[in-house]
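Number of protein chains: 2
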Amino acid sequence: MRAEIIAVGSELLLGQIVNSNAQFISEQLAELGINVYYHTVVGDNPDRLKSVIEIAQTRSDIIIFTGGLGPTKDDLTKETISSLLNRRLVTDEQALSFIKDYFTVTKRTMTTNNLKQALVIEGSAVLKNDNGMAPGMGLKVDEIIYMLLPGPPKEMKPMFLKYGTDFLTKQVGITDRIESRVLRFLGIGESQLETDIEDIIDSQTNPTLAPLAGDGEVTLRITAKHPTSEGAQKMIDEVEKLISNRVGQFIYGYGATSVSVELYKLLSDKKLTISSAESLTGGLFQEQLTSVPGASSVVKGGIVCYSDEVKTDIIGVKKETIDLFGSVSEECAKELADKTRSRLNTDICISFTGVAGPSELEGNPVGKVFIGISIVNQPTKVYEYQLKGTRESIRNRTVKYGCYHLLKMLKGS
Amino acid sequence: MRAEIIAVGSELLLGQIVNSNAQFISEQLAELGINVYYHTVVGDNPDRLKSVIEIAQTRSDIIIFTGGLGPTKDDLTKETISSLLNRRLVTDEQALSFIKDYFTVTKRTMTTNNLKQALVIEGSAVLKNDNGMAPGMGLKVDEIIYMLLPGPPKEMKPMFLKYGTDFLTKQVGITDRIESRVLRFLGIGESQLETDIEDIIDSQTNPTLAPLAGDGEVTLRITAKHPTSEGAQKMIDEVEKLISNRVGQFIYGYGATSVSVELYKLLSDKKLTISSAESLTGGLFQEQLTSVPGASSVVKGGIVCYSDEVKTDIIGVKKETIDLFGSVSEECAKELADKTRSRLNTDICISFTGVAGPSELEGNPVGKVFIGISIVNQPTKVYEYQLKGTRESIRNRTVKYGCYHLLKMLKGS
Numbered sequence: 519m520r521a522e523i524i525a526v527g528s529e530l531l532l533g534q535i536v537n538s539n540a541q542f543i544s545e546q547l548a549e550l551g552i553n554v555y556y557h558t559v560v561g562d563n564p565d566r567l568k569s570v571i572e573i574a575q576t577r578s579d580i581i582i583f584t585g586g587l588g589p590t591k592d593d594l595t596k597e598t599i600s601s602l603l604n605r606r607l608v609t610d611e612q613a614l615s616f617i618k619d620y621f622t623v624t625k626r627t628m629t630t631n632n633l634k635q636a637l638v639i640e641g642s643a644v645l646k647n648d649n650g651m652a653p654g655m656g657l658k659v660d661e662i663i664y665m666l667l668p669g670p671p672k673e674m675k676p677m678f679l680k681y682g683t684d685f686l687t688k689q690v691g692i693t694d695r696i697e698s699r700v701l702r703f704l705g706i707g708e709s710q711l712e713t714d715i716e717d718i719i720d721s722q723t724n725p726t727l728a729p730l731a732g733d734g735e736v737t738l739r740i741t742a743k744h745p746t747s748e749g750a751q752k753m754i755d756e757v758e759k760l761i762s763n764r765v766g767q768f769i770y771g772y773g774a775t776s777v778s779v780e781l782y783k784l785l786s787d788k789k790l791t792i793s794s795a796e797s798l799t800g801g802l803f804q805e806q807l808t809s810v811p812g813a814s815s816v817v818k819g820g821i822v823c824y825s826d827e828v829k830t831d832i833i834g835v836k837k838e839t840i841d842l843f844g845s846v847s848e849e850c851a852k853e854l855a856d857k858t859r860s861r862l863n864t865d866i867c868i869s870f871t872g873v874a875g876p877s878e879l880e881g882n883p884v885g886k887v888f889i890g891i892s893i894v895n896q897p898t899k900v901y902e903y904q905l906k907g908t909r910e911s912i913r914n915r916t917v918k919y920g921c922y923h924l925l926k927m928l929k930g931s
Numbered sequence: 519m520r521a522e523i524i525a526v527g528s529e530l531l532l533g534q535i536v537n538s539n540a541q542f543i544s545e546q547l548a549e550l551g552i553n554v555y556y557h558t559v560v561g562d563n564p565d566r567l568k569s570v571i572e573i574a575q576t577r578s579d580i581i582i583f584t585g586g587l588g589p590t591k592d593d594l595t596k597e598t599i600s601s602l603l604n605r606r607l608v609t610d611e612q613a614l615s616f617i618k619d620y621f622t623v624t625k626r627t628m629t630t631n632n633l634k635q636a637l638v639i640e641g642s643a644v645l646k647n648d649n650g651m652a653p654g655m656g657l658k659v660d661e662i663i664y665m666l667l668p669g670p671p672k673e674m675k676p677m678f679l680k681y682g683t684d685f686l687t688k689q690v691g692i693t694d695r696i697e698s699r700v701l702r703f704l705g706i707g708e709s710q711l712e713t714d715i716e717d718i719i720d721s722q723t724n725p726t727l728a729p730l731a732g733d734g735e736v737t738l739r740i741t742a743k744h745p746t747s748e749g750a751q752k753m754i755d756e757v758e759k760l761i762s763n764r765v766g767q768f769i770y771g772y773g774a775t776s777v778s779v780e781l782y783k784l785l786s787d788k789k790l791t792i793s794s795a796e797s798l799t800g801g802l803f804q805e806q807l808t809s810v811p812g813a814s815s816v817v818k819g820g821i822v823c824y825s826d827e828v829k830t831d832i833i834g835v836k837k838e839t840i841d842l843f844g845s846v847s848e849e850c851a852k853e854l855a856d857k858t859r860s861r862l863n864t865d866i867c868i869s870f871t872g873v874a875g876p877s878e879l880e881g882n883p884v885g886k887v888f889i890g891i892s893i894v895n896q897p898t899k900v901y902e903y904q905l906k907g908t909r910e911s912i913r914n915r916t917v918k919y920g921c922y923h924l925l926k927m928l929k930g931s
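Residue numbers (my numbering), protein chains in the order written: chain A, 519 to 931; chain B, 519 to 931.
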């Protein structure tokens with residue numbers, strides 16, 4: 519099966535928005551085992567839209583459209599396809615009553631062009647829009663599968679996941695279920711991970727393994743095909759076990775999580791409170807942890823100690839420590855963590871001091887970083903790094919590495 | 519002139535990356551007054567690439583390619599075009615010596631496939647790559663302009679801006695200079711801004727005005743065409759003056775800046791120091807301000823006071839204030855700002871307290887926000903907001919509004 523994604527909208531051709539819909543759908547189709555051969559973007563112009571559809575009909579078995587389903591004159595995707603396929607547009611009663619309800623509830627006046635959104639191509643399967651008014655459609659004509667999806671990603675993505683993939687798998691006759699799981703690693707580089715599990719990656723065809731490097735972390739996607747979802751999950755479990763035996767100590771989470779979220783969960787489970795002393799990171803650790811809803815149950819607060827004065831006067835780091843070792847030092851990181859923990863009366867405190875750049879500090883090169891972790895009734899630990907990269911990347915990775923070490927200490931590993 | 523952008527790369531069709539190159543080039547072409555009618559994405563496959571080029575030749579006057587100029591077997595953009603146009607590939611001596619130098623300097627061994635990167639289509643203008651090894655190309659054959667650019671955005675974007683636009687304007691015969699300026703607004707909504715300057719927007723054809731709403735802020739792009747750059751700038755100056763007379767108090771900066779950067783600049787100019795007390799925003803204000811290189815000259819530090827205990831014990835807010843008015847109150851915001859400023863001994867302190875959600879707090883609805891600003895020798899001010907949106911958006915906008923009010927107070931407006 520050869521698939522093509524056609525995005526309709528002049529705003530894409532003006533560069534006002536990026537075609538993230540094509541990326542999303544491509545990723546989903548890859549998971550279903552369907553090959554995407556072309557992406558096309560065309561403006562809100564009926565003749566040019568007609569011509570790109572005619573080209574797609576000569577080279578693709580599945581044509582997925584995004585955009586052009588709205589209420590205005592510019593929106594002409596379904597009109598153009600219905601005319602090309604010689605199919606009438608008919609009112610979908612469910613969509614119509616949904617639109618009418620919307621205007622009743624919001625007490626807004628419905629204009630006649632809103633009725634246009636309830637029109638669908640005759641004979642198509644209607645894909646419900648749970649986040650907007652324009653329904654999607656799926657139909658098969660002359661051995662070509664057409665799918666029409668709305669343009670706004672917040673409407674398109676849930677529709678495709680909830681209704682679109684079902685329609686496709688039935689039409690295409692995909693009987694295997696495809697399941698995938700993403701393992702998230704910290705503390706190991708992409709090339710080291712690949713080297714450590716190279717034989718597993720090379721010998722696997724089902725499940726397949728795909729590593730990907732991000733900012734300071736690596737993910738590994740395991741994808742399995744099996745007639746049942748349970749079977750696919752079992753296959754993934756087995757491969758994960760093999761991987762875990764080799765590099766399990768670097769796995770910190772699964773799927774769309776982050777190390778801050780994992781840290782929040784663990785602190786919350788263990789009913790532990792946390793504070794921080796941030797020099798280098800300027801509040802980034804606290805900001806990330808408090809961006810998790812419910813954070814107030816574990817985060818008491820923290821001190822951003824950008825100047826030495828705040829380190830000594832507010833936190834209580836000894837002046838001699840800074841004079842003797844400098845503010846970018848193991849000793850300073852340790853005192854920052856210990857004293858802030860005791861001042862803020864928390865179970866844990868994490869401290870960050872270092873050089874974010876662009877210039878060196880106190881003779882320390884850009885990227886020199888110390889992370890202190892003070893936990894009640896445990897010896898305080900300090901981790902040292904020499905990082906490379908931009909100011910932003912150094913700060914980001916410092917926070918990630920700090921969260922990672924704290925997670926490990928709390929798990930006792 | 520009808521332009522088409524063809525991106526070559528299987529990673530785009532797999533959804534591993536988004537086609538941000540097409541967006542960037544489209545935006546630039548729009549500024550040059552060139553209409554983009556199509557974007558196409560095709561994989562690293564010579565037959566399919568050939569077919570999309572043949573289609574483009576029937577419908578476009580300018581075809582811009584991105585990707586497929588690298589050293590591996592997969593990279594075949596210039597090979598395919600040279601064969602279609604019956605033009606040989608020849609070695610570009612400048613590119614070759616640049617590649618050889620790179621391997622000498624980095625002491626790495628050059629493999630023969632790297633030589634492939636120095637090959638260019640005969641008769642083409644070579645576009646220098648200041649950030650990588652593969653040069654770009656521009657040529658005109660049978661009245662069609664072809665431009666080949668590398669795929670990595672960090673190579674492609676500077677190449678296009680520095681060499682690509684020059685080549686295009688000459689080939690297309692654009693004599694007018696197009697200049698644009700972006701005004702950034704805070705404290706006014708997009709629809710209010712449009713209403714206030716509707717007559718100016720409507721009456722202008724050159725310069726043109728384009729408002730765009732972001733998260734809590736609005737930008738207005740003024741674009742002028744004139745035979746000289748100075749002339750275009752003068753036209754922009756005149757329109758800006760008209761706009762400034764109406765809504766000048768809401769303009770906080772120009773171009774690719776942010777309100778944190780503008781705040782840093784002003785504090786630095788006035789040699790003022792700042793601290794913060796962040797409850798709601800959890801460190802976001804400090805994090806943004808300290809992300810600006812050089813921030814340590816103005817930022818002393820701050821306290822993230824997520825719990826009431828930190829507000830009272832560390833900052834010194836009176837317990838009665840919290841008991842009587844709650845931590846989300848004008849009174850608490852005022853004390854947080856005043857006491858933190860005095861504790862951290864800075865000229866200015868800004869405080870943020872409120873409800874980020876998802877649930878209400880102390881009877882206050884999600885989005886209720888107080889921002890306190892304490893400046894030495896000035897009466898402390900508190901600004902109250904009732905915001906809508908997600909936790910993230912509420913926190914972001916709170917910081918932006920705080921910076922905006924502080925900027926205004928410091929400018930005495």
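Hints were generated in silico from the structure; no laboratory data involved.
Incorrect hints may appear among the rest.
Since the list gives no way to pick one copy over another, a pair counts as held whenever it fits inside one copy or between any two copies.
To be verified - Subject to a maximum C-alpha distance of 20 Å in a straight line, what follows is the list of computed SDA-like cross-link-like pairs (lysine to any residue):
hint : residue 1 : residue 2
1    : Lys837    : Arg861
2    : Lys906    : Pro811
3    : Lys672    : Ser911
4    : Lys675    : Ile535
5    : Lys926    : Thr683
6    : Lys688    : Lys929
Hints and how they fare:
For the homomeric pair Lys837 and Arg861, the shortest alpha-carbon distances inside one copy (17 Å) and between copies (18 Å) are both at most 20 Å. In this assembly of identical chains, Lys906 and Pro811 lie within 20 Å of each other by CA distance solely across copies; the values are 16 Å between and 32 Å within a copy. With identical chains, the CA atoms of Lys672 and Ser911 are at most 20 Å apart between copies only, with a shortest distance of 16 Å across copies and 29 Å within one. Taking identical chains as interchangeable, the C-alpha atoms of Lys675 and Ile535 lie at most 20 Å apart whether they share a chain (16 Å) or sit on different chains (17 Å).
Taking identical chains as interchangeable, the C-alpha atoms of Lys926 and Thr683 are never at most 20 Å apart, the minima being 39 Å within one chain and 52 Å between chains. For the identical chains of this complex, Lys688 and Lys929 are neighbours neither inside a copy (45 Å) nor across copies (64 Å), given an alpha-carbon limit of 20 Å.
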